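For this one, chain R is given, so just place chain L on it according to the hints.
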Amino acid sequence: MNIENTQSQMRKGILEFCILSIIRRGEAYPSDIVEEMKRANLHILEGTLYPLLTRLKNAEMLTYRWVESNSGPPRKYFSLTDKGLAFYRELEITWKELADAVDTLANKSERMSENSSLPINPQISTQ
Amino acid sequence: MKKIININFHSRVIPIEETAYDILQIYMDSLRKHFSAEEGGDEIVNDIEDRIAELFSERLKNGASCITDDDVNATITNMGRPEDFDEEENSRPSGSTRNTGSAGSFTETKTEETHRSLYRSENDKMLGGVCGGLAAYFRIDSSVMRIIYTLLIFISFGTALLLYIILWLVLPPRSMVTDIKKRLYRNPDRRVIGGVASGLAAYFNIEVWIPRLIFALPLILGFLTSIFRHAWFDMDNGPVFFTGGFGGTLFVTYIILWIVLPEANTASEKLEMRGEKIDIESIKNTIRGDLEGFKQKATQVGDEMKKQAQQFGTQLKNKSADFSRNMSTGRSPRQGIGHAIGVLFKAFFLFIAVIVTFALVMALIGLIFTGAGVLPLKNFIIGGFWQNILAWATVLLFLILPVVGLLTWLIRRIIGARKGGNYLGYIFGSLWVIGLICMLALIASVSSNFRTRAGMSEETNISAPANGKLIVKMNDLRPVIYESDWMGINWHHNAPFFEVSEDSLILNTVGIDVIKSADSSWHLRQEKLSRGNTAAAARNLAAQIDFRVQQNDSILYLPTGFAIKPSQQFRNQQVMLVIEIPVGKKIRMDRSLEDFHWFDFNRNMRDHGVDLDWDENWGNNNNSLERDVDYIMTEHGLESIPGSRIPDENRGGDEDQPNDRDKKENAPKDGYRYHKKEVKKLTKVKVSTAECNNDNEGLSPLVLFTKWS
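In the order they appear, the protein sequences are chains R and L.
Mapped onto my numbering, the consecutive letters of the first sequence carry residue numbers 1 to 127.
Mapped onto my numbering, the consecutive letters of the second sequence carry residue numbers 128 to 836.
Accuracy of the hints is not assured; some may be wrong.
Stated by the list, open to error - 30 Å max Cα-Cα, derived DSS-like pairs, lysine-lysine: (1) R:Lys38 x R:Lys96; (2) L:Lys600 x L:Lys692; (3) L:Lys188 x R:Lys76; (4) L:Lys596 x L:Lys643; (5) R:Lys38 x L:Lys129; (6) R:Lys108 x R:Lys57.
Think of the hints as simulated: they come from the structure by calculation, not from any bench.
Remember, it's a predicted structure, so these values are computed and weren't measured experimentally.
If we strip away everything but chain R, and leave its shape as in the complex, we get (with noise of 0.2 Å):
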């Protein structure tokens, strides 16, 4: 169990329900997305974000359409489906359920340890 690991499983859960955010807000260019994630400080390899938009496509939460380019050939831009806002709010409130609860227990589990030099439960701490 090395840290980087779980790091990114953390960041893996999140990753759809971020890319998500942001196409909500317009249609995104997948470098765009990258960029803004970049910007949140959310680093991602863009060669992960076109897996994930192209199931995502394929479970028909986004649909995306040709927009001309003034340099080259046309570009990919995704928008969000019907079913992918749906997809989209229901991940919110779990977001928020989760984010809520994970903010609880560290925080709780903080003061503890501030608080007290025992924990609570000496089992698990030797795990």
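Chain L only, in chain R's frame:
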């Protein structure tokens, strides 16, 4: 100085360094491989390519003169390598809310490490992916698994094939990635025939000559032993046997490997073949090696730099054309129903091809052997210079040539030889037609030698046996039969002759007929028959038949057959022995006539084409007299004497091999035979009692029948 090439990459013309192009190509290959298992994999790769092309053109717009290694590497780092994707994705919970079908495939493979179960592989398959799944389950190379399975099919006589189909139906399909980095491939770069040996060498990390020698060994040994065999013909054939079995196995193994193993075509496959870690550095090395090999080849051709450069240019042009085509279509080599069908057909085709090849090789071997076996016989049938020429032409052009031709075609097909050998087909075809004409001419010529039939009658004096009973027996002096199963053919079971050698052919087309004598004395006549081109020739041949019968009072000894010299030739010579018995006298056919089962009592064979009308005195009844039964000549013809049969148990340890004809007639098991015969005999008795009513105790036929049965 670096070479710069222009590629058409997703509708953009990109000037790119040659090395950078190679890196890019390898990267794209790895991506394609990675996503090939996935639904919409093509699209993903296409999108990524699109994006890369866009990045490149941006880079060029910003002032770069061409795309360099660094540019490509930077782009790849940005995009991420398949390994990175794995890492990113590898722990997604499989029960995620996504319902995108096989999207989580790679994830699931990894999590399987804790609870492995058997699946069909979706991405690693030749037919149904069963072997791929088994390989993933057992954590071995899928190619090795396929080989093992193929052998299993052979060993289990096809049961494993059934199991395969069942597994195909039962197992759920699943995309999987195996951890095996080293795989067995055929090496197309260093191949002599199929690249199997060099692939094996790469897999086991040994020198190439070792597997080659092992595969070639039976061939070499075969050559040596055949030379020895010709030198000392009667040498112990142990080594031949050894090399035969061993060599055959190796041959089959090679063919199987050839079929089963995929060819290592891309750089990453070549690396997998050698079991090296696939990263950019090692791929670079491989590419460099490829290029060096190519350069070496080019210099070996011995031409000037110009030509080399030219070739290089065209090669690269082809390559880039290839590349851009691949890029634009986004074709994935391992996906889609079309591909599956393609593989299926290929597998099927190869399977059939191998069976055909194998059969042809076997036929050729068989032909050579039987040819050698029939060779001494040939002299008896074919005579004269022209017939011999025709015979050889037939054998070579009509029989052996097509085998050679088909083999050539198959081998060319399998190794993917270029076309342009059309004239070869014409040559083969016309030679075969010549062979066909030769065969027809030969058949016509030979059959003309069998056209007419003639015979001659020869009276032999026999004296009346003292007790009024003649026993017909085979001469006790059996001929020495050197090889009864000569060349694996049981001559004397099926053929009208039982022994053949260089200088004589012994025929046993002998029939015996027993008829009523016109006067009160015994007579023995031999009707000698033969076929020939003309009646005179046939009669001449018939006259030369030497069938000497000896009498020792009541016993008539018949020779085992009659010999024919090559000068006489085989023209279906036959001897019909006609024994004339006065009324009231008895005759008995000894069992020895039956024991020598080649001694032909059944006249079916002989009757072919025989015109029996030319002597109305014989050929009307008693197609086969039963052996060891006394027959008595009455006014109405021969009658068997019931109860005269010597029971089997009284004959001591007499061998009792039922002969072929018996098998055909009533297929007796040994225990049943006696019984059956009795029944059969009784039906005869029934008739005779109905007719004569003279030789039993006044029982009605029905009672008699029941009594004996």
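So, going through the hints one by one against the coordinates:
The suggested pairing of lysine 38 (chain R) with lysine 96 (chain R) holds, with an alpha-carbon distance near 22 Å, which does not exceed 30 Å. Of the pairs offered as hints, the one joining lysine 600 (chain L) and lysine 692 (chain L) holds, with about 26 Å between alpha carbons and a cut-off of 30 Å not exceeded. Proximity of lysine 188 (chain L) to lysine 76 (chain R) is assessed by CA-CA distance (about 21 Å); at most 30 Å being required, the pair is judged to hold. Note on lysine 596 (chain L) and lysine 643 (chain L): the hinted pairing holds, with a Cα-Cα distance of about 14 Å set against a maximum of 30 Å.
For the proposed pair lysine 38 (chain R) and lysine 129 (chain L), the alpha carbon gap of about 35 Å is over 30 Å, so the pair is violated. Under the criterion of a C-alpha separation no larger than 30 Å, the hint pairing lysine 108 (chain R) with lysine 57 (chain R) is inconsistent with the structure, at around 40 Å.
Hints 5, 6 from the earlier list are contradicted by this structure; the remaining hints agree with it.
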